[in-house]
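Residue numbers (the numbering used here), protein chains in the order written: chain G, 175 to 562; chain Y, 226 to 694.
Hints in this document: simulated from the structure, not taken from any laboratory.
Here the structure is a predicted model, which means the values were calculated and not measured.
C-beta: ideal position from N, C-alpha, C; glycine also.
Misleading hints may appear alongside valid ones.
[To be verified] Reference excerpt, derived from the structure (chain Y facing chain G, CB under 7 Å, subset only):
| id | residue |
| --- | --- |
| 1 | SER565 |
| 2 | GLY600 |
| 3 | HIS626 |
| 4 | LEU627 |
| 5 | GLY630 |
| 6 | VAL664 |
| 7 | LEU675 |
| 8 | TYR685 |
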Amino acid sequence: MGSIKDKAAIIGVGCTKFGERWEKDVEDLVVEAAYEALEDAGLTPDDIDAAWVGFLYDFTGVSGNTFSEPMKLFGKPVSRVENFCASGMDAFRNACYGVASGVYDIVIACGVEKLTDVGGAGLPMSQFGHPVIGGISAPGMFALAATRCFHEYGWTKEDLGRVAIKNHKNGVLHPKAHFRKAVTMEEVLSAPIIAWPLGRFDCCAMSDGAAAIVITRPEIAKQSKHKDDYIVVKANALATASAQPMYRNSFDYLGFPATRAAAALAYKEAGIEDPAKEISFAEVHDCFTITEILNCQDLGFCEQGQGANFVAEGHTEADGDIPVNASGGLKCFGHPIGATGCRMIYELTKQLQGRADGAQVKEPRLGLAHNLGGPGSICSVTILGRPD
Amino acid sequence: MAKIASFGAYVPLYRLGRQLIGDAWGIPAVPGERAVANADEDSLTMAVAAGLDCLAGVDPSTIDGLFFATTTAPYSEKQSAGVIAAALDLRHDINTADFTGSLRAATTALRAAADAIDSGNARSILVTAADCRLGEPESMWEQLLGDGAGAVLVSKEGPVAIQAALSVAGEQVGPWRRAEDRYLRSFEAKAETQYGYAVGVVEAGKAMMEKEGVTANDIAKAVITAADPRSHAGVGRALGFQPAQLQDTLFLSIGSPGAALVLMMLAGALEQAKAGEKLLVVNHGDGADALLLEVTGEIAPAPGRKGLFGHLFQKRDLPSYTSYAHFRRLMERDEPVVASSAVTYWRDAKDELNFHGARCLNCGVIQYPAPRVCGECGVKDKFEEVKLTRKGNVFTYTLDHLVAGQYLNTPIPRLVIDLEGGGRVFLDMTDGDPQEVKVGLLVEVIFRCLHEGAHFHNYYWKCRPVSQA
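Chain G on its own, in the form it takes in the complex (with noise of 0.2 Å):
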């Protein structure tokens, strides 16, 4: 099996503000986002040679259309991706093989969703799936694995609270983030529950937003306008596991396989050992705050079943010794679907070239973005670094 490692380069990156965009449509989101990417790449829309769009729901749009038509980017390949909350990343993904392979020289990843345009609590679930077997809410999904860590480590609503009290102190610097407000524990523990055991400040924010990255070989990108300070690809990994896991006889609901398939690709894919040390700082999927726990897990940051002492020890902060969403995370900076994995790119190459938005992450040498979708049943990984 061959290798993305050194073989995809960002040269340019654009995100728009998350939150609720009552006044903006998916072409306002996604023209904002692909514009400041090619502004910050140098570029103009000609210059791109193929394009892939993540995003999930059917309002959001259909087809690699949801992406040309904004940009106005006729005759060329664009494709559509969705791979539930991970298909922003996996946009990424194969953009970033398009370049590597050598077919095109100069491609841009978008992820975009406009979920306010459906309004309501919670995501639309009532499209998926069957008659009478299997639903449950998002947050629903997750909540599954929260009682049962509950049960086995006796892990508290404190220790989930602990999460959502970090990423909300980091999103208060970040510009673009959906909230920009701290919260306290008393705050958190008397939110309403949405899906026991997890309250409001428990799960992520319903947002609009789009992001862009555009992506080029380690060569081109040295006499691109980034050429001192471009990121390239260092791992690239995609999971799946069971979508059904609540009929899975060997399910522990301790963490998830998907996470822990495509962190050990991507560690193998990049040469890393061990991650708790080379990995610098991470963005991770904490569309709850039991996941970021279990995240931390799985990626290997601690060890199984200390995932709420890592984090109540301080190790996560943003002037930790392993910061985890210094960005405030889908928890705060907001979760538009398939905009998000996008956005995780975007905060790792602002975070490795030293001009993060908000909370700057010390010397970091490789950044981790982990997207993770479905009941957890989608996962990708990606490492990313300064070329060697």
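Assemble chain Y onto chain G, guided by the hints.
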């Protein structure tokens, strides 16, 4: 001669004190309480519950027919008995039929079952009956009616012989519901009793005793249906019975469960009957049916059968009339739109209705829903279909307030359950307080209606704590 091999009953968990109904409308209340089907229950689901109760310890593959009696079938066009038979996991090559349109439907079905046994066309037929009638809000019917179900297994063998059966016809307008009516309508109550109910019941009862040469003194228990205690006492006297001989009509505890009443009363009578006793059953509704039963052997208690009394003693009080109004959808609200497909539902009936899983012949793990490729060992198409048990323990759960894009004040408990004997399922909990759910809780799997997506009744299984079930 056809026999009764088993019997069962079902009463919804929830009861509403009639005083609460009276208070809600500012009208007098009659004594006692009435049973109220949960929002996810209807006559069909209650018939499944009574059928399961009746079949405790009985191999469902030995049943040759399933009859369902009701005046409140969930479909105007589409047989309910077929759905009930699938949920009871009966064989495919059986006779299923709905008996409807009259409160007498259950004894009509019982007579048809006995005739089928006597003719040699069937060895055993399960007769179920359930009703969930609506009295118009503020009317006395709202207090008098109740919800429930009963079942008897009619067979070639069994401890109770059906010695004789007869019917009388009796046309009278009342009570009735036109096809388009939601609420029960009735004749003048007093005249209805005098010229309708009492005439038919007394005529049928007397005819049976004369025909079989027995007197009231020879009868241990008279199972005579009635919608109110006064008419019941009247016909009891007219037939020569002492009050102690009359089987309780469930007026104070359940209310009048329509077509199901006779089978529920019969279950109550059989639970206490002794060998050698004779029982007279008289059921009314557009005339009357009478049956003479004789207990020829010991009626052994069936493990797992709750019967009428088991269900009567396990109950929860509804806190208010509003809860009843919510359960019976008396207040108009927008129901969430849930996607469904009649085709998908039909294709997966073995998963949904029969509640079958698959055992991998390579690794032995029982899986649900049945896969093509084993989720544990990866072998393709090497499965045997297995019947899942209907009891298990909670592995993990959530109390979900978000349902179909709406925030509910009362969450739906969604439980991952490890079934006894293998298999893991994911079911909603109903009939219980969400706060009592915990990891390890023992639950039983029960049949309910989930939603009305694609304009059909999407029946499936839910669960409830065993402690109160």
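- request: Hints the structure violates: just list their numbers, smallest first.
  value: none
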